[in-house]
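There are 6 protein chains.
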Amino acid sequence: MQQKGIGYANVGEAIDSFMLIKEVTKGVTSGGKPFLTLILRDATGEIDAKLWDATKEDEALFTPEKIIKVSGEINQFRGKPQLKILAVRPSQPTDDVHVSDFVEKAPVNKDALQEKLTEAIFEMKNPTLQRIVRAFIKKYQEDLLVYPAATKNHHEYVSGLAHHIVSMLAIARELHQLYPDLNRDLLYAGIILHDLGKLKELSGMVTTSYTIEGKLLGHIPMMIEEIGIMARELQVEEKEEVLILQHMILSHHGKAEWGSPKPPLVREAEVLHLIDLMDAKLNMLNRALDKTKPGEFTERMFAMDNRAFYKPLFEE
Amino acid sequence: MQQKGIGYANVGEAIDSFMLIKEVTKGVTSGGKPFLTLILRDATGEIDAKLWDATKEDEALFTPEKIIKVSGEINQFRGKPQLKILAVRPSQPTDDVHVSDFVEKAPVNKDALQEKLTEAIFEMKNPTLQRIVRAFIKKYQEDLLVYPAATKNHHEYVSGLAHHIVSMLAIARELHQLYPDLNRDLLYAGIILHDLGKLKELSGMVTTSYTIEGKLLGHIPMMIEEIGIMARELQVEEKEEVLILQHMILSHHGKAEWGSPKPPLVREAEVLHLIDLMDAKLNMLNRALDKTKPGEFTERMFAMDNRAFYKPLFEE
Amino acid sequence: MQQKGIGYANVGEAIDSFMLIKEVTKGVTSGGKPFLTLILRDATGEIDAKLWDATKEDEALFTPEKIIKVSGEINQFRGKPQLKILAVRPSQPTDDVHVSDFVEKAPVNKDALQEKLTEAIFEMKNPTLQRIVRAFIKKYQEDLLVYPAATKNHHEYVSGLAHHIVSMLAIARELHQLYPDLNRDLLYAGIILHDLGKLKELSGMVTTSYTIEGKLLGHIPMMIEEIGIMARELQVEEKEEVLILQHMILSHHGKAEWGSPKPPLVREAEVLHLIDLMDAKLNMLNRALDKTKPGEFTERMFAMDNRAFYKPLFEE
Amino acid sequence: MQQKGIGYANVGEAIDSFMLIKEVTKGVTSGGKPFLTLILRDATGEIDAKLWDATKEDEALFTPEKIIKVSGEINQFRGKPQLKILAVRPSQPTDDVHVSDFVEKAPVNKDALQEKLTEAIFEMKNPTLQRIVRAFIKKYQEDLLVYPAATKNHHEYVSGLAHHIVSMLAIARELHQLYPDLNRDLLYAGIILHDLGKLKELSGMVTTSYTIEGKLLGHIPMMIEEIGIMARELQVEEKEEVLILQHMILSHHGKAEWGSPKPPLVREAEVLHLIDLMDAKLNMLNRALDKTKPGEFTERMFAMDNRAFYKPLFEE
Amino acid sequence: MQQKGIGYANVGEAIDSFMLIKEVTKGVTSGGKPFLTLILRDATGEIDAKLWDATKEDEALFTPEKIIKVSGEINQFRGKPQLKILAVRPSQPTDDVHVSDFVEKAPVNKDALQEKLTEAIFEMKNPTLQRIVRAFIKKYQEDLLVYPAATKNHHEYVSGLAHHIVSMLAIARELHQLYPDLNRDLLYAGIILHDLGKLKELSGMVTTSYTIEGKLLGHIPMMIEEIGIMARELQVEEKEEVLILQHMILSHHGKAEWGSPKPPLVREAEVLHLIDLMDAKLNMLNRALDKTKPGEFTERMFAMDNRAFYKPLFEE
Amino acid sequence: MQQKGIGYANVGEAIDSFMLIKEVTKGVTSGGKPFLTLILRDATGEIDAKLWDATKEDEALFTPEKIIKVSGEINQFRGKPQLKILAVRPSQPTDDVHVSDFVEKAPVNKDALQEKLTEAIFEMKNPTLQRIVRAFIKKYQEDLLVYPAATKNHHEYVSGLAHHIVSMLAIARELHQLYPDLNRDLLYAGIILHDLGKLKELSGMVTTSYTIEGKLLGHIPMMIEEIGIMARELQVEEKEEVLILQHMILSHHGKAEWGSPKPPLVREAEVLHLIDLMDAKLNMLNRALDKTKPGEFTERMFAMDNRAFYKPLFEE
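Order-wise, the sequence lines are chains A, B, C, D, E and F.
Counting in the UniProt record's numbering, the first sequence runs from 1 upward without gaps.
Counting in the UniProt record's numbering, the second sequence runs from 1 upward without gaps.
Counting in the UniProt record's numbering, the third sequence runs from 1 upward without gaps.
Counting in the UniProt record's numbering, the fourth sequence runs from 1 upward without gaps.
Counting in the UniProt record's numbering, the fifth sequence runs from 1 upward without gaps.
Counting in the UniProt record's numbering, the sixth sequence runs from 1 upward without gaps.
Be aware that one or more of the hints could be misleading.
One copy or any two copies: either way a pair holds, since identical chains are not told apart in the list.
As a list, the in silico BS3-like pairs of lysine-lysine whose alpha-carbon atoms are at most 25 Å apart [as the list claims (entries may be wrong)]:
no., residue 1, residue 2
1, K4, K262
2, K125, K22
3, K80, K215
4, K215, K255
5, K239, K215
6, K293, K26
7, K84, K239
8, K22, K262
9, K255, K200
10, K56, K84
11, K311, K200
12, K80, K56
13, K50, K311
14, K200, K262
15, K56, K311
16, K50, K255
17, K84, K50
18, K4, K138
19, K116, K4
20, K311, K125
21, K311, K215
22, K293, K200
23, K105, K239
24, K200, K84
25, K80, K26
26, K4, K152
27, K138, K105
28, K262, K291
Derived by calculation from the structure, the hints in this document are not laboratory data.
This structure is a prediction, so every number in the text was calculated from the model and none was measured.
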């Protein structure tokens, strides 16, 4: 199969490929016949699929996290594509396909991300900030390199969080060149730690949801607490840097309505908020436009105030 | 002089009493003559005062935190009362007046407040919540019994915080009787701790302002961190009670716009928010109506959405 | 059948019980076969049900307000439970089931509610307020004891209005003990009359909807008019109490956006608003949490700003 | 004196004319000398005036509602004109000046307004609406022809309310011609009664303020009650016209935030709201532009969303 | 068949008439059978229709813009009427039906609209304004007389734009009589040009959608540019009238949130905005009430803040 | 005098320096003596000054745009510094001071700004965009290099607009390196033209105010028109680049409430908006923090949502 992947498939196309089952729901037609609704995914996106006249065996075979070989055709249902399954079987060892082939991943690999992070920490000169950052990197190293940055909207893929951090560090480095008054160490520390609370707010790397703690506290207050505890362990809790760093994390959503009880009140906190916005928006826009033809609009993007963006023709 | 105090004085009245200097500003008249603008206070309120033709000696004598004997008359200036000082001298040891006589205090004394707190803790049955509350009471005992609950608006007097807590505990006790599904221990713990972060957010008991930490983090995130650290010290950090208690503190302002990144998502958190509102509003209303004549309106109250309240005539 | 009732039923369960038909809609499957969609209810809740292959006889038999014996199984449809009817028959006299068995009722009976109301009126000392309240109770006695307080959200069951009033009176009694400045008679009168306009705004006790008058005027202005007319009948229209009482009713929703053209401008009006909120919210929360397992969240509650509430595990 | 009046006076001009004292405040200069601040008015506007070195006799002579002969010059003070009084004396009988000369009046006289009202009522065909309108006109005839429509912003002059009603009737008559589906009787009745509650909301015709009843209830709910009582007196309370008329009054501010608990839900209610807006805005704009030179902007107008309007040059 | 048209059809009625196909979507039933969903329309409205068991021939025959003879019955589907097609055939030349019979048209014909426009321009006296208006009428004459004023909500029918303009001119003429300070020429010019940008914002007269230019710029900025270019062509770009006219177009939506970067700052701009509102609202209300029975409410109207309007009974 | 300038002066300091008169107002003391209020400025800031006992000669000598030699002392007046003038004289030719010494200027000189602009245009590859940009630069070259970017808030100094453009171009260049999907030519063209409408919206380079055209249309619609006219002159009006460029200018304020009738709907439009925010905010923050001591807060900054920013101590 030479398809680009399900994220690029159009209505009317035939499909014949391996996909991962993300969710399964049983249904009954008005004629009383059972069917399965599956959400299938590969590394490029997701699609709703219908398996009509499903048997008890089908129900037992096709469960979440399984990989299947599926052929069918893509119809339109209520304005969205839907896959009608014509043939399906579970994957076999000889197929040589793996769950990790079916999840979206950052375009940069883990080693490269790790290296970029190390490089940034190496550039830092303020010992207090550097020690705190190092301690957190060490504590969360494993998860940090694989977690998504969010459950949806932007960087919602494997290693998304690290990818987001590394892109933000690159912007910060350039802004510091253009506006040398900026304190680069503060920016670096704020960028690396700003979303680390998500490692405890989100349940995991693949089928990501919110933990109870995440729902009741949220990643921002959880991270304020973590920095406080870490600063005590490192015996730097009296340093002003700790307070400023906590403030940067606390305020990085920019406004109370967006989850920051204090707005940015330190220059680098304001800049952290703007860099976060810039990278998150470009990540969403670039990926949506990549799936859009010149002269057309993307789908409406919830996290971009529900706007649909136009891809100009003249660039072709 | 048998006046009720400056908070009850009317335009046109003569004044002859001791007062505390809160602030002093130097000015020069258009004729080039120096004068002093003083903010004076006693236990019932504050007034702006003018000392015309002030000498260098006056400047040296009349400084903040000093007590003075002052006589003068109350004029109207831009719609607000202003004291024109006719005679003034510093207080002397033989006057037997003390700074504590000139600050507003809770209508219940420290011992009674302490007793009510102890009583509530004694009623608690959940050991985790009780231990955390006890530990905080011990840590902050001294400040807790003297701090105001706020710099202005409600309970903004000595022991105001403890007075607010004790009133809220009384409401909680009755609500628990009426709605026995409520978890009283959670309510008590939430009430006692909800504003404890203010002990670090506010600079002190008398001329209260915000600390840097208070401005950059605010009392709510500071308290989340404190509970986290305290729970570790008591080795109960894995208990669900800790998470729920942190959530109650985090959400007690009710809405993101009002400083709570999460709204109440636990029943007792919602009730804590409502009891807090109820007691704060009644404190403001009762004190404002106490200074208002029947058939008239109070001054506009900023923290009550800028409303002026009417005091009915028929109650006389 | 030992089920707790349809409000507690889970997907996958079999159902075999009596239920009341609330609504019926005819439909046709894509294969052209007729079916009926019924909304069924018992005293604990409602469910959508499907009767496939419905005959003309079925259509004639199964109409709103009829009681049926139904067996079937609960499926999931678009994330909500749906009952697939396997067998159904109309109830018969020998079944000894009655419409009143299938509507939700206040947990306190009419006589007890009546008694609590009488008790509160007896406590009142202000003759004007007492006479007005007595006259309204007499005028609306019958409906007052059976109407719901609303069509949905809180106290939306038989005798819900009286239940809401009686709970609010209990809170008011306690608050008056804790804050003796409050005028208890005003609070009692405001509480008893605040929602009485709903008796004309809502169409009835069971399948409640809005009257034309209710839609065009709303219960608040209707009640202002009623109090004015009643005061004339009792020849007390010049008393200030009447004005204050009208103001309390007018302002009890708290804000213009919520239907009160004037916000509370009298202390007891503000307290009435807060007690109303407190009781309405606790009614909603207690009933929703009662149907939720520890460690889980309730459904999103529209009238609680669309929040889902968590039921802690540690209370078990 | 050939001045157009104080509303048209410019900074730098000398003044020598009769004016009415609206308010007086005593003050003391920093040099200890007493002075009077007077708000003076004539039929075209108001001005702040200063009488320096005021004697006890001055204080006794120059009190509100007195007419004075004053000469002085207009200075600028904090961006607003201020009259420095050089000479002043009370008016004498021989001056032949009267309070009514110094208040702003509608540009149409009472008799003409009365005639237009009678004409409109005569056009009405629906007996219920006509009887209600007639009864109210009879009840309030005296005040209706002299009251202002508001304390400020639009039609805030003697006979302003009747002037506003008569202008709105003229618009309604034309709209009914252009859109014959409109029910003219409903529109006329709604227009005549829509602001009649202001006769009880405002304290009087000249130095107008809000009554207690006006502050606690507002003219809209007061008028709903009045219509209800009047309908009973006329024994038409069961007619649908009464309900629709009450709805029109209730909704004529258009939105809950603007004081209408129900938005317009009947076509003529919506049109009443729009006609009210149209006439109020044109009244404000025409009067403000009348005092503005071509090529310049009016002062900011609070009731026009704080906009300043431009008067084009090309129209000259 | 003597039906009034599909806009007046009720659930349960049989249909047998010619209709125009607006849209077609293919679907597959759960049993795997193909069907067609058609949106059909006549001059009075639209309806969803289902053609079950559709063949390949059906798909080829029934395409958008085709006229068909259809019989069937109207069912209810999710609360909205849906036509079940029992028999259908394409129209034939002998049927003598035309696309123009199936689109909604203004109640006034093109010639009459043209005449009214000419009349208004003839009344204008300001040469600059008159020349600009004439030039635009000439440029857009053809489209201006057939375009709708919008894709939905108000005047969304053939010649809707011209109908809207002509109605607004009639209101303006009357307002100018009542308030002679108004500059009639400015009003006329503003009214005629205010929505002319829609001729480029909307794709056409029948199945109207937004052009790319319409989506990226919107009709208001497009018209500002057009007036600027036209003024240059007429060599009047230095006249103040051009600036005022551009301002009127720019501000005619009234508020920034509604698409006007500047609010009205000239009297006639404010009046243009109000007349636009008045005519658009009356157009929507009259058409909705025309389809509503006395004593009932219209459907909720999105562009009227989602209100449903009541049609009084007493008018019958 | 070795002062850093008036922007850095503290209360209590003596002043002896040359300053430029920005505004003059005459006043009269309560004792009847004339005085002058002057707003004086140098290259670092402004101050209010009082010249007591001003003579007619003073009035004639000290007029706006004059340079004076002034000595005096800085007092506090209503919380803001005020200069009491002790001695003053007009500057003389021998003083060798010039108006241009007393206005704030960009930290980069005109030639350098010009060069940076030329460099960016040279990098552009799209001929349509490049030609349009070149044509505008040529048309406005003189003003573009000296105008401020705003009347207040950010880049409100001589050459402020060009400085803002050049800083934004530098950010765009770096972002294009990091996110190569971005169309650099579009970004460059959007940045250079985005605020060019201000050259017609603002009255001039020094005492800047809004033109009538600026008030009635605003710089955004004015620039849309200008681009349209320029595109016609260059005969590229049919190119899609023109539409996209107009959209970028139109949407660069981000939201309708902020003056953009369309939000950004093209990727580069969104990025233009973000770069504009980033540079404007950093300009404001850097300049405010430069005047603030470590450990203190800046004044509240209106254009930063009225926040006061903290300058950390640890950076010292």
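Query raised in the report: Under a CA distance limit of 25 Å, which applies to K4 and K152: within one copy, between copies, both, or neither?
Result: Classified as within; 22 Å inside a copy, 39 Å across copies.
Query raised in the report: For K215 vs K255, is the C-alpha pair at or below 25 Å within one copy, between two copies, both, or neither?
Result: Both. Shortest intra-copy (19 Å) and inter-copy (15 Å) distances satisfy the 25 Å Cα cut-off.
Requested in this report: Using 25 Å as the alpha carbon limit, work out where K50 and K311 are close: within a copy, between copies, both or neither.
Outcome: neither (32 Å within a copy, 36 Å between copies)
Query raised in the report: Is it within, between, both, or neither for K311 and K215, if the alpha carbons may be no more than 25 Å apart?
Result: between (37 Å within a copy, 13 Å between copies)
Report task. First find the shortest C-alpha distance between K255 and K200 inside one copy, then the shortest across copies, and answer within, between, both or neither for a cut-off of 25 Å. Result -> both (22 Å within a copy, 23 Å between copies)
Requested in this report: Go through the copies and call it for K84 and K50: within, between, both or neither, with a Cα cutoff of 25 Å.
Outcome: Intra 5 Å, inter 21 Å, cutoff 25 Å: intra and inter.
Query raised in the report: Can you tell me if K4 and K262 fall within 25 Å by alpha carbon in one copy, between copies, both or neither?
Result: Intra 45 Å, inter 34 Å, cutoff 25 Å: neither.
Query raised in the report: Using 25 Å as the alpha-carbon threshold, which applies to K84 and K239: within, between, both, or neither?
Result: Classified as neither: same-chain Cα gap 61 Å, cross-chain 43 Å, threshold 25 Å.
Query raised in the report: Can you tell me if K293 and K26 fall within 25 Å by alpha carbon in one copy, between copies, both or neither?
Result: So K293 and K26 pass the 25 Å test across copies only (24 Å; inside, 36 Å).
Query raised in the report: How do K200 and K84 come out at 25 Å by Cα distance, when the copy is not named: within, between, both, or neither?
Result: Close neither inside one copy (38 Å) nor across copies (41 Å); limit 25 Å.
Query raised in the report: When no copy is specified for K4 and K138, does a C-alpha distance of 25 Å or less occur within a copy, between copies, both, or neither?
Result: For K4 and K138, neither the intra-copy (38 Å) nor the inter-copy (48 Å) Cα distance is at most 25 Å.
Query raised in the report: Should K239 paired with K215 be assigned to within, between, both, or neither, using CA atoms and 25 Å as the limit?
Result: between (31 Å within a copy, 17 Å between copies)
Going down the numbered hints, you'll see the structure goes against 1, 2, 7, 8, 13, 15, 16, 18, 19, 23, 24, while the others check out.
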